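Student: Under my numbering, the first residue of the sequence shown carries the number 135, and numbering increases by one thereafter.
What the hints contain is simulated information worked out from the structure, not anything from laboratory work. On a predicted model such as this, the values are computed, not experimentally measured, just so you know. Heads up, some of the hints might be wrong.
As the list claims (entries may be wrong) - Within a straight-line C-alpha distance of at most 20 Å, the following computed SDA-like cross-link-like pairs (lysine to any residue) qualify: (1) Lys-157 x Leu-212; (2) Lys-157 x Gly-215; (3) Lys-157 x Ile-220; (4) Lys-157 x Ala-210; (5) Lys-157 x Gly-211; (6) Lys-157 x Arg-219; (7) Lys-157 x Ala-214; (8) Lys-157 x Ala-202.
To be verified - Cβ pair distances, simulated, as ranges: (9) Arg-194 x Asn-153: 21 to 29 Å; (10) Ile-169 x Ala-206: 29 to 37 Å; (11) Arg-194 x Ser-172: 29 to 37 Å; (12) Ser-195 x Asp-161: 45 to 53 Å; (13) Ala-206 x Ser-150: 31 to 39 Å; (14) Trp-198 x Ala-176: 16 to 24 Å.
For glycine and all other residues, C-beta sits at the position ideal for the given N, C-alpha and C.
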Amino acid sequence: MGSRNKKRARASRALSTGNLQAKFGIDESPRGWPIAISWGVALTAVMLVFAVVVNIWIGRSIHWDWVAGFGALSLAGLSAGRRARIL
135 MGSRNKKRAR ASRALSTGNL QAKFGIDESP RGWPIAISWG VALTAVMLVF
185 AVVVNIWIGR SIHWDWVAGF GALSLAGLSA GRRARIL
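Using the sequences and the hints given, assemble the complete structure.
Tutor: Dropping the structure here:
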(Lines of atoms letter the chains of each structure in order from A; the text may use other names.)
(Lines give C-alpha, C1' and ligand atoms only; values in the text may rest on other atoms or scores of the structure.)
Protein backbone atom coordinates (compact mmCIF):
# COMPACT_ATOMS: atom_id res chain seq x y z
CA MET A 135 0.00 0.00 0.00
CA GLY A 136 2.93 2.34 0.65
CA SER A 137 4.25 2.02 -2.90
CA ARG A 138 0.79 2.78 -4.24
CA ASN A 139 0.79 6.16 -2.49
CA LYS A 140 4.26 6.93 -3.84
CA LYS A 141 3.02 6.39 -7.39
CA ARG A 142 0.22 8.89 -6.83
CA ALA A 143 2.66 11.44 -5.47
CA ARG A 144 4.89 11.07 -8.55
CA ALA A 145 1.91 11.42 -10.89
CA SER A 146 0.75 14.63 -9.24
CA ARG A 147 4.32 16.00 -9.27
CA ALA A 148 4.47 15.43 -13.04
CA LEU A 149 1.79 18.10 -13.49
CA SER A 150 3.29 20.63 -11.07
CA THR A 151 4.77 23.98 -12.07
CA GLY A 152 7.93 23.04 -10.17
CA ASN A 153 8.40 20.13 -12.57
CA LEU A 154 7.98 22.49 -15.53
CA GLN A 155 10.66 24.73 -14.06
CA ALA A 156 13.03 21.80 -13.68
CA LYS A 157 12.48 20.75 -17.31
CA PHE A 158 13.29 24.25 -18.53
CA GLY A 159 16.22 24.73 -16.15
CA ILE A 160 14.66 27.59 -14.18
CA ASP A 161 15.80 27.83 -10.57
CA GLU A 162 13.72 30.82 -9.41
CA SER A 163 10.73 30.38 -7.11
CA PRO A 164 7.34 30.12 -8.83
CA ARG A 165 5.11 33.18 -9.13
CA GLY A 166 1.86 33.32 -7.20
CA TRP A 167 -1.32 31.96 -8.77
CA PRO A 168 -3.28 35.26 -8.67
CA ILE A 169 -0.62 37.06 -10.73
CA ALA A 170 -0.25 34.14 -13.14
CA ILE A 171 -4.00 33.83 -13.66
CA SER A 172 -4.41 37.57 -14.24
CA TRP A 173 -1.70 37.46 -16.94
CA GLY A 174 -3.38 34.38 -18.42
CA VAL A 175 -6.73 36.16 -18.56
CA ALA A 176 -5.21 39.23 -20.22
CA LEU A 177 -3.27 37.24 -22.83
CA THR A 178 -6.25 34.98 -23.56
CA ALA A 179 -8.47 38.03 -24.07
CA VAL A 180 -5.96 39.54 -26.50
CA MET A 181 -5.74 36.29 -28.48
CA LEU A 182 -9.53 35.88 -28.65
CA VAL A 183 -10.06 39.50 -29.75
CA PHE A 184 -7.45 38.95 -32.46
CA ALA A 185 -9.24 35.76 -33.58
CA VAL A 186 -12.59 37.55 -33.75
CA VAL A 187 -11.16 40.49 -35.73
CA VAL A 188 -9.38 38.22 -38.20
CA ASN A 189 -12.47 36.04 -38.69
CA ILE A 190 -14.64 39.09 -39.35
CA TRP A 191 -11.99 40.56 -41.66
CA ILE A 192 -11.83 37.42 -43.82
CA GLY A 193 -15.63 37.07 -43.83
CA ARG A 194 -16.00 33.85 -41.87
CA SER A 195 -18.38 33.08 -39.07
CA ILE A 196 -16.92 32.06 -35.74
CA HIS A 197 -17.87 28.80 -34.10
CA TRP A 198 -18.18 29.93 -30.49
CA ASP A 199 -17.94 26.42 -29.05
CA TRP A 200 -14.41 26.19 -30.50
CA VAL A 201 -13.56 29.66 -29.23
CA ALA A 202 -14.75 28.76 -25.72
CA GLY A 203 -12.66 25.58 -25.71
CA PHE A 204 -9.61 27.39 -27.04
CA GLY A 205 -10.03 30.14 -24.47
CA ALA A 206 -10.24 27.72 -21.55
CA LEU A 207 -7.21 25.73 -22.68
CA SER A 208 -5.12 28.81 -23.39
CA LEU A 209 -6.02 30.31 -20.01
CA ALA A 210 -4.88 27.15 -18.22
CA GLY A 211 -1.69 26.84 -20.27
CA LEU A 212 -0.72 30.50 -20.04
CA SER A 213 -1.41 30.63 -16.30
CA ALA A 214 0.71 27.54 -15.62
CA GLY A 215 3.48 28.86 -17.86
CA ARG A 216 3.51 32.26 -16.13
CA ARG A 217 3.53 30.63 -12.70
CA ALA A 218 6.49 28.42 -13.66
CA ARG A 219 8.29 31.47 -15.16
CA ILE A 220 8.64 29.86 -18.59
CA LEU A 221 6.48 32.54 -20.27
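Student: Starting from the hint 21 to 29 Å, judge whether the C-beta atoms of Arg-194 and Asn-153 obey it.
Tutor: Hint violated: Cβ distance 39 Å, outside 21 to 29 Å.
Student: For the hint 16 to 24 Å, verify it against the beta carbon of Trp-198 and that of Ala-176.
Tutor: holds (21 Å)
Student: For the pair supplied as a hint, Lys-157 and Gly-211, confirm whether the alpha-carbon distance does not exceed 20 Å.
Tutor: holds (16 Å)
Student: Take the C-beta atom of Arg-194 and the C-beta atom of Ser-172, compute their distance, and say whether it sits inside 29 to 37 Å.
Tutor: holds (31 Å)
Student: Tell me if the straight-line CA distance from Lys-157 to Ala-202 falls inside 20 Å.
Tutor: violated (30 Å)
Student: Can you confirm whether the C-alpha distance between Lys-157 and Gly-215 stays at or below 20 Å?
Tutor: holds (12 Å)
Student: Would the pair Lys-157 and Ile-220 pass a check requiring their Cα atoms to be no farther apart than 20 Å?
Tutor: holds (10 Å)
Student: Take the C-alpha atoms of Lys-157 and Ala-214, compute the straight-line distance between them, and say whether it is at most 20 Å.
Tutor: holds (14 Å)
Student: Does 45 to 53 Å hold as the CB distance between Ser-195 and Asp-161, or does it fail?
Tutor: Since Ser-195 and Asp-161 have Cβ atoms about 47 Å apart, the given range 45 to 53 Å holds.
Student: A range of 29 to 37 Å was offered for this pair. Does it hold for the Cβ distance of Ile-169 and Ala-206?
Tutor: violated (20 Å)
Student: Do the Cβ positions of Ala-206 and Ser-150 conform to the proposed distance bound of 31 to 39 Å?
Tutor: violated (20 Å)
Student: Against the 20 Å threshold, does the CA-CA distance of Lys-157 and Ala-210 hold or violate the hint?
Tutor: Holds, at roughly 19 Å.
In summary, the structure is inconsistent with hints 8, 9, 10 and 13 from the numbered list given earlier, while agreeing with the others.
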